[in-house]
Amino acid sequence: MNIVVCVKQVPDTSDPDTEVHIDGTGRGVDQSKFSFVINDADNYAVEEAILLKEKHGGEVTVVNIGPEAANQVIRMALAKGGDAAIRLDDEKFAFSDVLATARLLQSAVKDGGFDLIMAGCLASDDGYGAVGVTLAQLLGLPHAAMVKTVEVIDDKKLKVGRELEGGLLEMNEIEMPCVLTIQTGGNEPRYASFKGIREASKKEIKVMDLGATGLAEDQVGEAGSCAIMAQYSVPEVGELAEILEGDPGTTSARLAEILKEKGLV
Amino acid sequence: MEFDLNEEQTMFRQMVREFADKEIAPYAEELDGTGEFPYEIQAKMADLGLYGLPIPEEYGGAGADFVTYSIAVEEIGRVSASLSISMAAHTSLGSMPIYLFGTEEQKQRWLVDLAQGRKLGAFGLTEPEAGSDAGATRTTARLAAGEWVINGTKCFITNSGTDITSHVTITAVTGEHGGGKEISNILIPAGTPGFDVAPSYRKMGWHNSDTHELSFTDCRVPEGHLLGERGGGFKAFLKILDCGRIGVAALSVGLAQGCLDESVSYAKSRIQFGQPIGRNQGISFKCADMLVEVELARLATLKAAWLADQGRPYTREAAIAKLFASEAAMRAANSAVQIHGGYGYIEDYPVCRYFRDAKILEIGEGTSEVQRIVLSRMLGL
Ligand SMILES: Cc1cc2nc3c(=O)[nH]c(=O)nc-3n(C[C@H](O)[C@H](O)[C@H](O)COP(=O)(O)OP(=O)(O)OC[C@H]3O[C@@H](n4cnc5c(N)ncnc54)[C@H](O)[C@@H]3O)c2cc1C
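Going down the list, the protein sequences come from chains A and B. Per the working numbering, the first sequence runs over residues 1 to 265. Per the working numbering, the second sequence runs over residues 1 to 381.
FYI, nobody ran anything at the bench for these hints, they're computed from the structure. Possibly wrong hints are sitting among the right ones.
[What the hints assert, rightly or not] Listed below are several chain B residues computed to face chain A (Cβ distance under 7 Å; list not exhaustive):
no., residue
1, Glu-8
2, Phe-12
3, Gly-49
4, Ile-373
[To be verified] The calculated DSBU-like cross-link candidates involving lysine-lysine, where the alpha carbons are at most 35 Å apart (straight line), are:
no., chain 1, residue 1, chain 2, residue 2
5, A, Lys-148, A, Lys-206
6, A, Lys-33, B, Lys-268
7, B, Lys-303, A, Lys-195
8, A, Lys-159, A, Lys-203
9, A, Lys-159, A, Lys-110
10, B, Lys-44, A, Lys-53
11, A, Lys-157, A, Lys-202
12, B, Lys-44, A, Lys-148
13, A, Lys-206, A, Lys-110
14, A, Lys-195, A, Lys-55
15, A, Lys-203, A, Lys-156
16, A, Lys-206, B, Lys-22
17, A, Lys-55, A, Lys-156
18, A, Lys-195, B, Lys-239
19, B, Lys-44, A, Lys-55
20, A, Lys-33, B, Lys-303
21, A, Lys-195, B, Lys-44
22, A, Lys-202, B, Lys-303
23, A, Lys-195, B, Lys-268
24, A, Lys-148, B, Lys-22
25, B, Lys-22, A, Lys-202
26, A, Lys-33, B, Lys-22
27, A, Lys-195, A, Lys-33
28, B, Lys-44, A, Lys-159
[Unchecked claim] Partial pick of chain A residues on the chain B-facing surface, computed with a CB cut under 10 Å:
no., residue
29, Val-98
30, Arg-190
31, Ala-200
In this text, a Cβ means the ideal position worked out from N, Cα and C, and glycines have one as well.
In isolation and in its complexed conformation, chain A is listed as follows (with noise of 0.2 Å):
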């Protein structure tokens, strides 16, 4: 089973320090404090198709748009054991949208003979939570979306566990190829050993460029989106806000009195 699975490298937004500044074009937040990290729904869909590589053999190919420092998440998606990867880098990328982004995984994938492709649900930055399934619609693949269990029935499908509200577990039949994106907490992903550090150092991560992709320049990133990000702002600070300042005592105690004249307790 041939497999790709979509990583993004996303700010780490578990670090406390991690604050969140509009830049000086209104239209990005300044990166230069940020420590990256894998996307997590991401992770879980690399532990996914490594699990699935394990049991049933084939090649798992990761696939990233992004800079050069972006090798870092994924080269360890491939320390973990991933066989190959293709990072998608032009500058004429950015503010790309759902579609220009999911075009460009396209051409990415669009010839590799892929069986199942894979990408989390949701990125954790933009929060479109609609690339992947783009992708299937580009690709004219079924598609299923929010998955948190896949099984193989046989080399052509697929039983999937989808998570509903409630913890409710839909399970589908689907036909390969197909695409899923994959939600938190369906598997518990692995670190990597030293052993897959070094390896994957010596795998190689190949490199698209605009013209790699056989893309025009109108259809990635801003001339190719149908959504066009203007401008990022902080929300202001209401009226019906109420900061209570003081020590951990004093407010703890005003928030009770708050709550109880609210009749919220």
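Chain A is already provided as a structure; the job is to place chain B with the ligand on it using the hints.
Then chain B with the ligand, alone, in the frame of chain A:
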């Protein structure tokens, strides 16, 4: 000059840090309270290759360099000194003697399981009457009918009594040579009759590392368990200690970094007199000093490790790193508790454990005084 880690080392640091934060840190306090050896976490660390980093792949190890090894010891030490020392002592004291001085047969028989972390190794140098003066060993090994017959006592031996301890290499007097003692290293398998392991010590810190007094009473092992040359024991353990000092230095860096991280976050969040305590220079300067010392200790440690990787002498640098880093860690732990005030004295806060774990760093693998003796001699004094 090149101060950057390479890509492999950078990724490795990231991986070990994440592992330490997710798989060790949340359990470290509770574990410390139990005083038990953490077999489950040890096995997970072994799966990642952490128990055989500098051992070549042909003997089951990872084939990593000492810089990589130092990174691992530091990152684990940042959250748990117990797990870090257990891994470091296993590597430098338990495994390296066999790798450095063992015959091919001994390496095949003992090293593979050790390097993969399925077994733990120990090194018994210290005795009740021979601590800093390690050459004063009284334990004897007499050759009789193709066997070494061992009698004596070793104390404070790390990793010597776990369920998965494979052996302890001891130093013993095997005869006389030119009027002096002839000291040799002998490998004693765990469970050999006449080899008794006393119950664990009740230690100030390092609660999850395994430390015992060992006694040998007419304990017999085959003649082939001699490790290295007969009479080569003294020279051998000096070499082993050099490597061990890089480990203790790296652990000290990790512990000091842990103190710094906890202190900074506490100094930002603790409000007294209407503002975070970190706004007072009395507190912030302590943190700044800690930062300086952590950085210098790390540089000294990585330099010693780097020299070892180049195959160059590093006795001097290892002594400098061990001395400076361990004392820096003790100072950092002291400041960290002070910054936490009364809370720092309570086990709910990690700095309380860091403080108890720090003191031994100035004692084990050669006390601070012994490092100063080593360095004074190098100055011709
Ligand atoms: C938790 C723990 C784990 C350990 N693990 C191991 C292990 O795995 N293997 C092993 O072999 N040992 C181990 N040790 C032993 C450790 O290495 C010794 O405790 C250490 O070397 C000091 O020896 P000592 O305790 O006998 O102190 P002593 O040598 O009696 O020293 C007492 C004091 O006198 C000072 N002193 C001694 N001689 C001089 C001098 N000439 N000039 C100035 N000052 C001097 C010392 O620095 C020290 O401050 C461990 C110890 C502990 C506590």
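For each hint, the structure was consulted:
Nearest Cβ of chain A to the Cβ of Glu-8 (chain B): about 5 Å, under the 7 Å cut. The hint holds. Taking 7 Å as the C-beta cut-off, the interface hint given for Phe-12 (chain B) holds, the closest approach to chain A being about 5 Å. Satisfaction of the interface hint for Gly-49 (chain B) is found here, the shortest Cβ-Cβ separation to chain A being roughly 4 Å, below the 7 Å cut-off. A cut of 7 Å between beta carbons decides the hint on Ile-373 (chain B): the least distance to chain A is about 36 Å, and the hint is violated.
The suggested pairing of Lys-148 (chain A) with Lys-206 (chain A) holds, with an alpha-carbon distance near 30 Å, which does not exceed 35 Å. A distance of roughly 18 Å separates the Cα atoms of Lys-33 (chain A) and Lys-268 (chain B); the hinted pair therefore holds under the 35 Å criterion. Restraint check for Lys-303 (chain B) and Lys-195 (chain A): the C-alpha separation of about 24 Å stays at or below 35 Å, so the hint holds. Between Lys-159 (chain A) and Lys-203 (chain A) the CA atoms are separated by roughly 32 Å; this keeps the pair inside 35 Å, and the hint holds.
Between Lys-159 (chain A) and Lys-110 (chain A) the alpha-carbon distance is near 23 Å, which keeps this suggested pair within the 35 Å criterion. Proposed proximity of Lys-44 (chain B) and Lys-53 (chain A) is supported: the alpha carbons are some 22 Å apart, at most 35 Å. Restraint check for Lys-157 (chain A) and Lys-202 (chain A): satisfied, since their Cα atoms lie roughly 34 Å apart, inside the 35 Å limit. The hinted pair formed by Lys-44 (chain B) and Lys-148 (chain A) meets the criterion: a straight-line CA distance of about 25 Å does not exceed 35 Å.
Simply put, Lys-206 (chain A) and Lys-110 (chain A) have alpha-carbon atoms about 15 Å apart, close enough for the 35 Å limit, and the pair holds. Of the pairs offered as hints, the one joining Lys-195 (chain A) and Lys-55 (chain A) holds, with about 20 Å between alpha carbons and a cut-off of 35 Å not exceeded. As the CA atoms of Lys-203 (chain A) and Lys-156 (chain A) are separated by approximately 29 Å, the hinted pair is consistent with the 35 Å bound. A threshold of 35 Å between alpha carbons decides the hint, and for Lys-206 (chain A) with Lys-22 (chain B) the separation of about 32 Å falls inside it, so the pair holds.
For the suggested pair Lys-55 (chain A) and Lys-156 (chain A), the alpha carbons sit about 16 Å apart, so the restraint of at most 35 Å is met. For a cut-off of 35 Å, the pair hint linking Lys-195 (chain A) to Lys-239 (chain B) stands: about 27 Å separates their Cα positions. Distance hint between Lys-44 (chain B) and Lys-55 (chain A) is fulfilled; the C-alpha atoms sit about 21 Å from each other, no more than 35 Å. At roughly 28 Å between alpha-carbon atoms, Lys-33 (chain A) and Lys-303 (chain B) fall within 35 Å of each other, so this suggested pair holds.
Restraint check for Lys-195 (chain A) and Lys-44 (chain B): satisfied, since their Cα atoms lie roughly 15 Å apart, inside the 35 Å limit. Annotation: proposed proximity of Lys-202 (chain A) to Lys-303 (chain B) holds, straight-line Cα distance about 26 Å (limit 35 Å). Of the supplied pair hints, the one linking Lys-195 (chain A) and Lys-268 (chain B) is violated, its CA atoms being roughly 39 Å apart against a limit of 35 Å. For the given pair, Lys-148 (chain A) sits about 22 Å from Lys-22 (chain B) by alpha-carbon distance, which is consistent with the 35 Å threshold.
The suggested pairing of Lys-22 (chain B) with Lys-202 (chain A) holds, with an alpha-carbon distance near 28 Å, which does not exceed 35 Å. For the given pair, Lys-33 (chain A) sits about 23 Å from Lys-22 (chain B) by alpha-carbon distance, which is consistent with the 35 Å threshold. Taking the CA atoms of Lys-195 (chain A) and Lys-33 (chain A), the gap is near 31 Å; set against the 35 Å cutoff, the hint holds. For the given pair, Lys-44 (chain B) sits about 31 Å from Lys-159 (chain A) by alpha-carbon distance, which is consistent with the 35 Å threshold.
Hint status for Val-98 (chain A): violated, given a least beta-carbon distance of 29 Å to chain B, over 10 Å. Satisfaction of the interface hint for Arg-190 (chain A) is found here, the shortest Cβ-Cβ separation to chain B being roughly 9 Å, below the 10 Å cut-off. Evaluation of the Ala-200 (chain A) hint against chain B yields a held restraint, the C-beta minimum of about 7 Å falling below 10 Å.
Consistency note: the structure conflicts with the earlier hints numbered 4, 23, 29.
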